[in-house]
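The sequence shown begins at 22 in this note's numbering and counts up one residue at a time.
Fair warning: there could be bad hints in the mix.
Across the chosen pairs, the derived CB separations fall in these ranges [stated by the list, open to error]:
#, residue 1, residue 2, range
1, D92, L135, 40 to 46 angstroms
2, E109, R48, 28 to 34 angstroms
3, L59, E109, 29 to 35 angstroms
4, L135, Q27, 39 to 45 angstroms
Please keep in mind that the hints were generated in silico from the structure rather than gathered at the bench. All values derive from a computational prediction rather than experimental measurement. Even for Gly, the Cβ is constructed at its ideal location relative to N, Cα and C.
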Amino acid sequence: MSLPPQILEIIERLNQELDLIESEANRGLEIVRGLLPLFYENPILIQLLSTLNNSLLFRDNVKRRIQIAIDSISPPQIPSEIVQAAAEDLGELLGRALETKMLVMRAVKILEDLS
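Use the sequences and the hints to build the structure in full.
Right, here's the structure in full:
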(Lines of atoms letter the chains of each structure in order from A and count residues from 1; the text may use other names and numbers.)
(Lines give C-alpha, C1' and ligand atoms only; values in the text may rest on other atoms or scores of the structure.)
Protein backbone atom coordinates (compact mmCIF):
# COMPACT_ATOMS: atom_id res chain seq x y z
CA MET A 1 0.00 0.00 0.00
CA SER A 2 1.28 3.45 -0.80
CA LEU A 3 1.15 6.03 1.94
CA PRO A 4 -1.74 8.51 1.94
CA PRO A 5 -0.78 11.95 0.61
CA GLN A 6 -1.59 13.65 3.94
CA ILE A 7 0.84 11.38 5.76
CA LEU A 8 3.50 11.91 3.10
CA GLU A 9 3.13 15.67 3.58
CA ILE A 10 3.54 15.38 7.35
CA ILE A 11 6.59 13.15 6.93
CA GLU A 12 8.13 15.55 4.41
CA ARG A 13 7.58 18.52 6.74
CA LEU A 14 8.89 16.56 9.71
CA ASN A 15 12.06 15.64 7.82
CA GLN A 16 12.59 19.28 6.83
CA GLU A 17 12.21 20.43 10.43
CA LEU A 18 14.49 17.66 11.70
CA ASP A 19 17.17 18.59 9.15
CA LEU A 20 16.97 22.21 10.29
CA ILE A 21 17.20 21.14 13.95
CA GLU A 22 20.28 19.09 13.14
CA SER A 23 22.06 21.81 11.21
CA GLU A 24 21.28 24.55 13.75
CA ALA A 25 22.20 22.33 16.71
CA ASN A 26 25.51 21.42 15.11
CA ARG A 27 26.20 25.09 14.41
CA GLY A 28 25.43 25.90 18.04
CA LEU A 29 27.63 23.06 19.26
CA GLU A 30 30.56 24.48 17.28
CA ILE A 31 30.07 27.83 19.00
CA VAL A 32 29.69 26.37 22.49
CA ARG A 33 32.77 24.17 22.05
CA GLY A 34 34.76 27.31 21.31
CA LEU A 35 33.42 29.06 24.40
CA LEU A 36 33.58 26.22 26.93
CA PRO A 37 37.40 26.20 27.28
CA LEU A 38 37.20 29.87 28.23
CA PHE A 39 34.26 29.52 30.62
CA TYR A 40 34.26 25.80 31.50
CA GLU A 41 32.18 26.17 34.68
CA ASN A 42 29.60 28.53 33.23
CA PRO A 43 26.18 26.99 33.96
CA ILE A 44 24.51 28.79 31.05
CA LEU A 45 26.98 27.33 28.56
CA ILE A 46 26.55 23.89 30.07
CA GLN A 47 22.76 24.23 29.85
CA LEU A 48 22.98 25.35 26.21
CA LEU A 49 25.29 22.44 25.44
CA SER A 50 22.78 20.05 27.00
CA THR A 51 19.89 21.63 25.10
CA LEU A 52 21.68 21.24 21.78
CA ASN A 53 22.76 17.67 22.48
CA ASN A 54 19.23 16.77 23.59
CA SER A 55 17.82 18.23 20.39
CA LEU A 56 20.05 15.91 18.37
CA LEU A 57 18.84 12.95 20.43
CA PHE A 58 15.28 14.12 19.82
CA ARG A 59 15.97 14.22 16.08
CA ASP A 60 17.29 10.65 16.09
CA ASN A 61 14.32 9.44 18.12
CA VAL A 62 11.79 11.08 15.81
CA LYS A 63 13.51 9.62 12.74
CA ARG A 64 13.06 6.15 14.27
CA ARG A 65 9.43 6.88 15.11
CA ILE A 66 8.76 8.04 11.56
CA GLN A 67 10.11 4.75 10.26
CA ILE A 68 8.01 2.80 12.76
CA ALA A 69 4.91 4.70 11.63
CA ILE A 70 5.69 4.03 7.97
CA ASP A 71 6.25 0.35 8.67
CA SER A 72 2.99 0.10 10.61
CA ILE A 73 0.88 1.45 7.74
CA SER A 74 2.76 0.02 4.77
CA PRO A 75 1.33 -3.50 4.65
CA PRO A 76 -1.71 -3.92 2.40
CA GLN A 77 -5.20 -3.70 3.84
CA ILE A 78 -4.34 -1.91 7.04
CA PRO A 79 -7.41 -0.81 9.01
CA SER A 80 -8.14 2.90 8.75
CA GLU A 81 -7.87 3.22 12.55
CA ILE A 82 -4.19 2.29 12.40
CA VAL A 83 -3.58 4.78 9.59
CA GLN A 84 -5.41 7.46 11.58
CA ALA A 85 -3.37 6.69 14.71
CA ALA A 86 -0.13 6.91 12.73
CA ALA A 87 -1.21 10.25 11.24
CA GLU A 88 -2.03 11.61 14.70
CA ASP A 89 1.30 10.40 16.07
CA LEU A 90 3.18 12.02 13.20
CA GLY A 91 1.22 15.25 13.65
CA GLU A 92 2.09 15.32 17.34
CA LEU A 93 5.74 14.72 16.47
CA LEU A 94 5.63 17.62 14.04
CA GLY A 95 4.37 19.91 16.79
CA ARG A 96 7.16 18.79 19.10
CA ALA A 97 9.71 19.23 16.29
CA LEU A 98 8.56 22.81 15.77
CA GLU A 99 8.93 23.50 19.50
CA THR A 100 12.38 21.93 19.51
CA LYS A 101 13.42 23.97 16.47
CA MET A 102 12.43 27.19 18.24
CA LEU A 103 14.35 26.12 21.35
CA VAL A 104 17.46 25.33 19.30
CA MET A 105 17.25 28.60 17.40
CA ARG A 106 17.00 30.54 20.69
CA ALA A 107 20.01 28.66 22.06
CA VAL A 108 22.05 29.38 18.95
CA LYS A 109 21.07 33.06 19.08
CA ILE A 110 22.25 33.28 22.69
CA LEU A 111 25.53 31.61 21.75
CA GLU A 112 26.02 33.93 18.78
CA ASP A 113 25.48 36.91 21.06
CA LEU A 114 28.07 35.53 23.51
CA SER A 115 30.73 34.85 20.91
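Hints versus structure:
1. D92 x L135: 40 to 46 angstroms: 43 angstroms, holds
2. E109 x R48: 28 to 34 angstroms: Hint holds: Cβ distance 32 angstroms, inside 28 to 34 angstroms.
3. L59 x E109: 29 to 35 angstroms: With a Cβ separation near 46 angstroms, L59 and E109 fall outside 29 to 35 angstroms, so the hint is violated.
4. L135 x Q27: 39 to 45 angstroms: 42 angstroms, holds
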